[in-house]
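**Q** These are the residues of each chain, in order.
Protein chains: 6
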Amino acid sequence: MSAGGAVRASAARSPIEYEDAPPEVRAVYEDIMATRKTDWVNNYWKVLAHHPPTLRRMWANAKEVMGPGALDPLTKELIYMAVSVTNACRYCIASHGAAARNKGMTAEQYTELVAIIGLANETNAHAAALDLQIDEKFR
Amino acid sequence: MSAGGAVRASAARSPIEYEDAPPEVRAVYEDIMATRKTDWVNNYWKVLAHHPPTLRRMWANAKEVMGPGALDPLTKELIYMAVSVTNACRYCIASHGAAARNKGMTAEQYTELVAIIGLANETNAHAAALDLQIDEKFR
Amino acid sequence: MSAGGAVRASAARSPIEYEDAPPEVRAVYEDIMATRKTDWVNNYWKVLAHHPPTLRRMWANAKEVMGPGALDPLTKELIYMAVSVTNACRYCIASHGAAARNKGMTAEQYTELVAIIGLANETNAHAAALDLQIDEKFR
Amino acid sequence: MSAGGAVRASAARSPIEYEDAPPEVRAVYEDIMATRKTDWVNNYWKVLAHHPPTLRRMWANAKEVMGPGALDPLTKELIYMAVSVTNACRYCIASHGAAARNKGMTAEQYTELVAIIGLANETNAHAAALDLQIDEKFR
Amino acid sequence: MSAGGAVRASAARSPIEYEDAPPEVRAVYEDIMATRKTDWVNNYWKVLAHHPPTLRRMWANAKEVMGPGALDPLTKELIYMAVSVTNACRYCIASHGAAARNKGMTAEQYTELVAIIGLANETNAHAAALDLQIDEKFR
Amino acid sequence: MSAGGAVRASAARSPIEYEDAPPEVRAVYEDIMATRKTDWVNNYWKVLAHHPPTLRRMWANAKEVMGPGALDPLTKELIYMAVSVTNACRYCIASHGAAARNKGMTAEQYTELVAIIGLANETNAHAAALDLQIDEKFR
Numbered sequence: 001m002s003a004g005g006a007v008r009a010s011a012a013r014s015p016i017e018y019e020d021a022p023p024e025v026r027a028v029y030e031d032i033m034a035t036r037k038t039d040w041v042n043n044y045w046k047v048l049a050h051h052p053p054t055l056r057r058m059w060a061n062a063k064e065v066m067g068p069g070a071l072d073p074l075t076k077e078l079i080y081m082a083v084s085v086t087n088a089c090r091y092c093i094a095s096h097g098a099a100a101r102n103k104g105m106t107a108e109q110y111t112e113l114v115a116i117i118g119l120a121n122e123t124n125a126h127a128a129a130l131d132l133q134i135d136e137k138f139r
Numbered sequence: 001m002s003a004g005g006a007v008r009a010s011a012a013r014s015p016i017e018y019e020d021a022p023p024e025v026r027a028v029y030e031d032i033m034a035t036r037k038t039d040w041v042n043n044y045w046k047v048l049a050h051h052p053p054t055l056r057r058m059w060a061n062a063k064e065v066m067g068p069g070a071l072d073p074l075t076k077e078l079i080y081m082a083v084s085v086t087n088a089c090r091y092c093i094a095s096h097g098a099a100a101r102n103k104g105m106t107a108e109q110y111t112e113l114v115a116i117i118g119l120a121n122e123t124n125a126h127a128a129a130l131d132l133q134i135d136e137k138f139r
Numbered sequence: 001m002s003a004g005g006a007v008r009a010s011a012a013r014s015p016i017e018y019e020d021a022p023p024e025v026r027a028v029y030e031d032i033m034a035t036r037k038t039d040w041v042n043n044y045w046k047v048l049a050h051h052p053p054t055l056r057r058m059w060a061n062a063k064e065v066m067g068p069g070a071l072d073p074l075t076k077e078l079i080y081m082a083v084s085v086t087n088a089c090r091y092c093i094a095s096h097g098a099a100a101r102n103k104g105m106t107a108e109q110y111t112e113l114v115a116i117i118g119l120a121n122e123t124n125a126h127a128a129a130l131d132l133q134i135d136e137k138f139r
Numbered sequence: 001m002s003a004g005g006a007v008r009a010s011a012a013r014s015p016i017e018y019e020d021a022p023p024e025v026r027a028v029y030e031d032i033m034a035t036r037k038t039d040w041v042n043n044y045w046k047v048l049a050h051h052p053p054t055l056r057r058m059w060a061n062a063k064e065v066m067g068p069g070a071l072d073p074l075t076k077e078l079i080y081m082a083v084s085v086t087n088a089c090r091y092c093i094a095s096h097g098a099a100a101r102n103k104g105m106t107a108e109q110y111t112e113l114v115a116i117i118g119l120a121n122e123t124n125a126h127a128a129a130l131d132l133q134i135d136e137k138f139r
Numbered sequence: 001m002s003a004g005g006a007v008r009a010s011a012a013r014s015p016i017e018y019e020d021a022p023p024e025v026r027a028v029y030e031d032i033m034a035t036r037k038t039d040w041v042n043n044y045w046k047v048l049a050h051h052p053p054t055l056r057r058m059w060a061n062a063k064e065v066m067g068p069g070a071l072d073p074l075t076k077e078l079i080y081m082a083v084s085v086t087n088a089c090r091y092c093i094a095s096h097g098a099a100a101r102n103k104g105m106t107a108e109q110y111t112e113l114v115a116i117i118g119l120a121n122e123t124n125a126h127a128a129a130l131d132l133q134i135d136e137k138f139r
Numbered sequence: 001m002s003a004g005g006a007v008r009a010s011a012a013r014s015p016i017e018y019e020d021a022p023p024e025v026r027a028v029y030e031d032i033m034a035t036r037k038t039d040w041v042n043n044y045w046k047v048l049a050h051h052p053p054t055l056r057r058m059w060a061n062a063k064e065v066m067g068p069g070a071l072d073p074l075t076k077e078l079i080y081m082a083v084s085v086t087n088a089c090r091y092c093i094a095s096h097g098a099a100a101r102n103k104g105m106t107a108e109q110y111t112e113l114v115a116i117i118g119l120a121n122e123t124n125a126h127a128a129a130l131d132l133q134i135d136e137k138f139r
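Residue numbers (my numbering), protein chains in the order written: chain A, 1 to 139; chain B, 1 to 139; chain R, 1 to 139; chain P, 1 to 139; chain L, 1 to 139; chain V, 1 to 139.
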């Protein structure tokens, strides 16, 4: 990449592996692996690594939002998948689908998840088409 | 509404109350109320009621998809809300937010739900911008 | 609006009525009314009128795309509504719903339109969730 | 698939061919083929077949919504495509594009369809940006 | 709000004014006002304030992402508006439209912004409909 | 393509190269290349070329909207990318990403662009979930 000039698309998008990463990036990778109890880091983080401040910022966000809380870990992934399917994000559907399965999602739960996402997208469209007025009891 | 002619917007969209509904519609309302253990029916159903076959079809879908299963009732509503927020459907956000609260969603859970929906919409956008390739381990 | 400075939101968004419009804008209004056989112009055009080149450009687009062709006028409005509902655009749903009714859309057709839009949004979501591979026969 | 455990992604997404399908699934396939006058079933149905109740439910929905009615079959497919393009659903665009062609869509009609979908997405965005107020005449 | 129970919708969504805010929230409000050189805080922050950790997290994100950088402040707001219009988010369109005007957006720039957003939504739809293949020169 | 009959998907979507183009299409290609100071035309135009009136219409739109104005050329591409990423349009992200780089977008600017697009999609979702009311000061 030339100084202050254009960036080649491929260069800015190839994953940076642990072996090739500077110390500040390795530190984030290590925290991801320790937190998630894995021995590898996925492409989302390895591509964000091209800009370490963004890698740090997004990991801090994910750690806080997806960490232990009032919702159990599997439920959090199901919510994440619902958004990702609605946005048709192939990467996130694959990534969070895998996370959901690792957190115990069964085939039956998966089926129900997909059915709910579909039904919700349908009734959202109905609501728009029919210009539904919000019921007083819901306010 | 004139035969074979135009339909006035407002006529086709005003909720049909139980008192004004024909027997076939009342039958569906009664099943909704019995299933949901409520004494009223919301605007979504009361507007679909203008076309009884659609009312029946959508209630059959909702009853099957949102009924007891491998996912608990609250989780099903959280998934529904995740889709509805992503689609910015005001009616469905209000309707399913109320349903979630009725099924026990606490303030803390609500906060986490909103945070996850926001984060997922953000990372979905990152994934598109960065043209992330799906990791082999996710296939 | 001050020269080269900020624009107040409301000023740039209030409809410009025929009576208050400069000749170049009136010319477009007249073509709209002549083409659509109406005696009034809706808010979309009257707000675009703040920038006459954009008003001209968009009317030229609409005239060409929505004019007589291989699809009949009502079908063109139904397609327009399908997009507008999917995008939950309240203004366009109202505007094109009225246009569809003026072009003969019956209550039954309206019901079927809404049902198809809902079903399509549902199966689009299923397709994303299930990562459906395109059948050879469709290529 | 192990009892109560994780489901492998690929297993739950491979199409189930007629030859490998249990009787209850074959029954639905046969009704699809008889209704659509074809000798094959596409991947959407063959993947849903992993959960026969969902296959039955969605075929019942499609049969009712896309069956004969006040809108002709081609118009129904054009509406379906308008939604699918707006949602950028590659599978559905391919599937319903093929269906539209089978129902008589000409090259000229296809061109007009694409042009309308594009224009509607554009004006929907304008309406949001300009916060257009719905005209009284549209209510 | 009752312990472990439901949260009333309105309670969790009313803005918390500075006067009524606990010290940890006031600290964030003060940093927002100091950074943005304003004497008030908008509803987005005042509603997030119901959960101080989220208020802190989102302000940290906004401060880093929207702060001084390689893109000038007005350009950052124009990008923000492009996303918000595409998602038809009324609140964000109003909020960031005001921010853009405060940062010097002229009426002419506003017109061009809206035109580009519209055109991009149109060609995005064309690209999906036509299943455009990415040119080699773009990879 | 047979007269009045179906159009094969692939035929209507293969790019028409300059060498194979009729004079009216070549004229548009030449104007594109002259305006953009390039010696080639991308797939978007070469596929639209199947319908010369649409090719002309869309080039006229793009020439007017993306031409010199109150916003500099790079800013216009950044706005275009913000929309395209939000719509997850792979073709347009690649095409306009290349255009942005050609107009001087640096790696740092690219990083900031992606961060803003992500943050905006997140806060748009928050705004919908929280049903934020527009502040008086924004009207």
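Since the hints were made in silico from the structure, they are not lab data. A hint or two may mislead.
Claimed, not checked - Simulated crosslink set (DSBU-like; lysine-lysine; CA at most 30 Å straight-line):
#1 K137/B - K63/A
#2 K137/V - K137/L
#3 K137/B - K103/B
#4 K137/V - K103/L
#5 K103/V - K63/V
#6 K63/R - K103/P
#7 K63/L - K103/V
#8 K137/A - K137/B
#9 K137/P - K63/R
#10 K103/P - K103/R
#11 K63/L - K37/L
#12 K103/L - K103/V
#13 K137/B - K103/A
#14 K103/V - K37/V
#15 K37/A - K63/B
#16 K63/P - K103/P
#17 K137/P - K103/P
**Q** None of the hints should be skipped; say for each whether it holds.
**A** Status of the hints after comparison with the structure:
1. K137/B - K63/A: OK: K137/B and K63/A at ~21 Å, within 30 Å.
2. K137/V - K137/L: Distance ~47 Å between K137/V and K137/L Cα, so the pair is violated.
3. K137/B - K103/B: Since the Cα atoms of K137/B and K103/B sit roughly 37 Å apart, the hinted pair is violated (cutoff 30 Å).
4. K137/V - K103/L: Holds: K137/V and K103/L sit about 16 Å apart, inside 30 Å.
5. K103/V - K63/V: 16 Å, holds
6. K63/R - K103/P: Distance ~27 Å between K63/R and K103/P Cα, so the pair holds.
7. K63/L - K103/V: 27 Å, holds
8. K137/A - K137/B: Violated, at roughly 47 Å.
9. K137/P - K63/R: 21 Å, holds
10. K103/P - K103/R: 23 Å, holds
11. K63/L - K37/L: Status holds; Cα separation ~13 Å.
12. K103/L - K103/V: Given pair K103/L, K103/V holds - Cα atoms ~23 Å apart, limit 30 Å.
13. K137/B - K103/A: 16 Å, holds
14. K103/V - K37/V: 12 Å, holds
15. K37/A - K63/B: 39 Å, violated
16. K63/P - K103/P: With Cα atoms ~16 Å apart, K63/P and K103/P stay inside 30 Å; holds.
17. K137/P - K103/P: 37 Å, violated
In summary, the structure is inconsistent with hints 2, 3, 8, 15 and 17 from the numbered list given earlier, while agreeing with the others.
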